[in-house]
Amino acid sequence: MGTIGFRAPRNGACAHSGAGSGCRKGSKVTAGKKTPLYDSHVALNAKMVPFAGFSMPVQYSGIRQEHEAVRKAVGLFDVSHMGNFFVTGKGARGFLQRATVNNVDKLRDMDAQYSALCYPNGTVVDDILVYRLGPERFKLVVNASNIDKDFAWLENLRKEDKEGGDMALRNASEELGILSLQGPRALDVARQVMESDPALVATYKAGRGKVLGVDTLYSRTGYTGEDGFEFFPENKDLASLWARLLEAGSRYGMLPIGLGARDTLRLEAGYSLYGHELSDKTNLIEAGLSWITDFAKGDFMGRPALEPKSRPGGMERKIVGIELLELAIPREGCLIRAGGKDVGVVTSGTMSPTLNKGIAMAYVVVEQAKIGTELEVMIRDAGKKAKVVSRNFYKRAKA
Amino acid sequence: MSLVPDGLKYTKDHEWAKIEGAVATVGVTDHAQRELGDIVFVELPKVGANVLSGQSFGTIEAVKTVAELYAPVSGTITEVNAALAADAGVINQDPYGTGWILKVKLDHPSNEGLMDAAAYKALI
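Top to bottom, those sequences are chains A and B. When we follow our numbering, the leftmost residue of the first sequence carries the number 1097, and every step to the right adds one. When we follow our numbering, the leftmost residue of the second sequence carries the number 6, and every step to the right adds one.
If you're looking for bench data, these hints aren't it; they were derived computationally from the structure. Incorrect hints may appear among the rest.
[Stated by the list, open to error] Pair ranges (Cβ atoms, derived):
| hint | chain 1 | residue 1 | chain 2 | residue 2 | range |
| --- | --- | --- | --- | --- | --- |
| 1 | B | E48 | A | S1486 | 27 to 33 angstroms |
| 2 | A | K1332 | B | A123 | 46 to 52 angstroms |
| 3 | A | A1478 | B | G118 | 28 to 34 angstroms |
| 4 | A | D1376 | B | L128 | 38 to 44 angstroms |
[To be verified] Examples of chain A residues toward chain B, derived with CB under 10 angstroms:
| hint | residue |
| --- | --- |
| 5 | V1154 |
| 6 | Q1155 |
| 7 | R1160 |
| 8 | R1204 |
| 9 | M1206 |
| 10 | Q1209 |
| 11 | A1357 |
| 12 | D1359 |
| 13 | L1423 |
| 14 | M1447 |
| 15 | N1452 |
| 16 | G1454 |
Beta carbons are placed, not taken as given, at the ideal position from N, Cα and C, and that holds for glycine.
Sequences are here, hints too, so could you generate the full structure?
Take a look at the structure:
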């Protein structure tokens, strides 16, 4: 039952969101790579779809139910399709300082940092997490769809880097998995399964220790807007850890969560997704990521193109949040109009299960980007009333 | 597995029609609601509008996707399921019952181009 039989809507454009979408018309589930948890997902009755070259679960019980579990209780995600690189050696720190946009020198051991790799023209190779595991040992977590591209890009930079001979790059993506535990009860579950006290691990901090007897790196990170932990076990431990985590979480209402809810959760939290808000056609500053770009640290790849964009008047367009004022769901590719003119385009859109409104992220010209600006989103030839809002559609209450 | 009740007629686009005399009740199949996932709302024409067999009469929006609705029969809409405006999720819960979408007064009673349950089961 892999194919979808529905015919495409009248207007091809603006019909479908891309990431995690299990419902592209006519899409065929092709044999993609499998994470070590493929059989576990199938056994849980997941709907499997191709994503970033992998066959991944788009949903188990249903997007709304899974979304709500993460907002109100806790959910467990298999994100083992994502890439893991190690950058090690005397030259690793200096190399990463020049290859990434954020300031690696701000990291102490077991700190994590959101960062990006940029092309010389300021567009985005990938958005990544950088972990400092030791003074000469770093780990990068990269998007699944970009693993090969990122590794080749970094390897080329290494060859040209003055310290490139003093360091090593290793792609461990096929050796390690990633499990993400997210939600207000994530800490409760973590207390059940971690040997050390998870409450002592602050946001964006990492540690190493036993999780249900498995020695693994962990960090207090996530992509949902909720509190949460991520574990990086070796492949051989993944299936048993997944099953035992689900068991440990069941008393807190934990559900396995697919890519569908992962997308609605990250969208509500205002997080960018590569291939949508970020790409080799989007400038990192216009993508709203000046806060991870450190111009004080010295030279780095992309800097000459990024710095002018960060000055007043430097941007032509920028990423904004859009909230629909009438019942309609904006989708990727929908045009945005103001005063009869095209002023932007939707990069991701969905029905927000928390707000029960259509929400989107979109690039619009800076003149129309102010919060409160009223616009129209073109959905199947009809202009639907909308306004510019903060991208943080959902903000969790501080504990 | 998806439910495919006997006695209904089906389209290749996953709509069903229950034809009783000169009136057909129309909805989408259990297979369709499963493939779409959580349905958020439907956009439908008003009572009195005409639908044409094989032609689009509306859209169905789910959280992740949108699909066209195609009329299984030709005729005049006599009733639109008002419950869908409040909660289109009833299509997910009961696609052949409370999740019905339209009632259509048929131009001429005919099953032309429609499948029976066995043929539709073979399709999905």
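How the hints compare with the structure:
1. For the pair E48/B and S1486/A, the beta carbons lie near 29 angstroms from each other, so the given range of 27 to 33 angstroms is met.
2. At about 47 angstroms, the CB distance of K1332/A to A123/B agrees with the hint of 46 to 52 angstroms.
3. A1478/A and G118/B have their C-beta atoms about 30 angstroms apart, which keeps the hinted 28 to 34 angstroms range intact.
4. At roughly 41 angstroms, the beta carbons of D1376/A and L128/B sit within the given window of 38 to 44 angstroms.
5. Hint on V1154/A holds. Least Cβ distance to chain B is approximately 8 angstroms, under the 10 angstroms limit.
6. Nearest Cβ of chain B to the Cβ of Q1155/A: about 6 angstroms, under the 10 angstroms cut. The hint holds.
7. Interface restraint check for R1160/A: the shortest CB-CB distance to chain B comes to about 4 angstroms, inside 10 angstroms, so the restraint holds.
8. Against a cut-off of 10 angstroms between C-beta atoms, the interface hint on R1204/A is violated, since the closest Cβ of chain B lies about 40 angstroms away.
9. Hint status for M1206/A: violated, given a least beta-carbon distance of 37 angstroms to chain B, over 10 angstroms.
10. Of the supplied interface hints, the one on Q1209/A is violated, with its beta-carbon coming no nearer than about 31 angstroms to a beta-carbon of chain B, more than 10 angstroms.
11. For A1357/A, the shortest C-beta to C-beta distance to chain B is roughly 9 angstroms, which falls under 10 angstroms, so the interface hint holds.
12. A cut of 10 angstroms between beta carbons decides the hint on D1359/A: the least distance to chain B is about 8 angstroms, and the hint holds.
13. Using the Cβ-Cβ criterion of 10 angstroms, the hint placing L1423/A at the interface with chain B is satisfied: the shortest such distance is roughly 6 angstroms.
14. Against a cut-off of 10 angstroms between C-beta atoms, the interface hint on M1447/A holds, since the closest Cβ of chain B lies about 5 angstroms away.
15. For the restraint placing N1452/A at the interface with chain B, the shortest Cβ-Cβ distance is roughly 9 angstroms, inside the 10 angstroms limit, so the hint holds.
16. This hint holds: G1454/A has a C-beta 9 angstroms from the nearest C-beta of chain B, less than the 10 angstroms allowed.
This entry does not satisfy hints 8, 9 and 10, going by the numbered hints stated previously.
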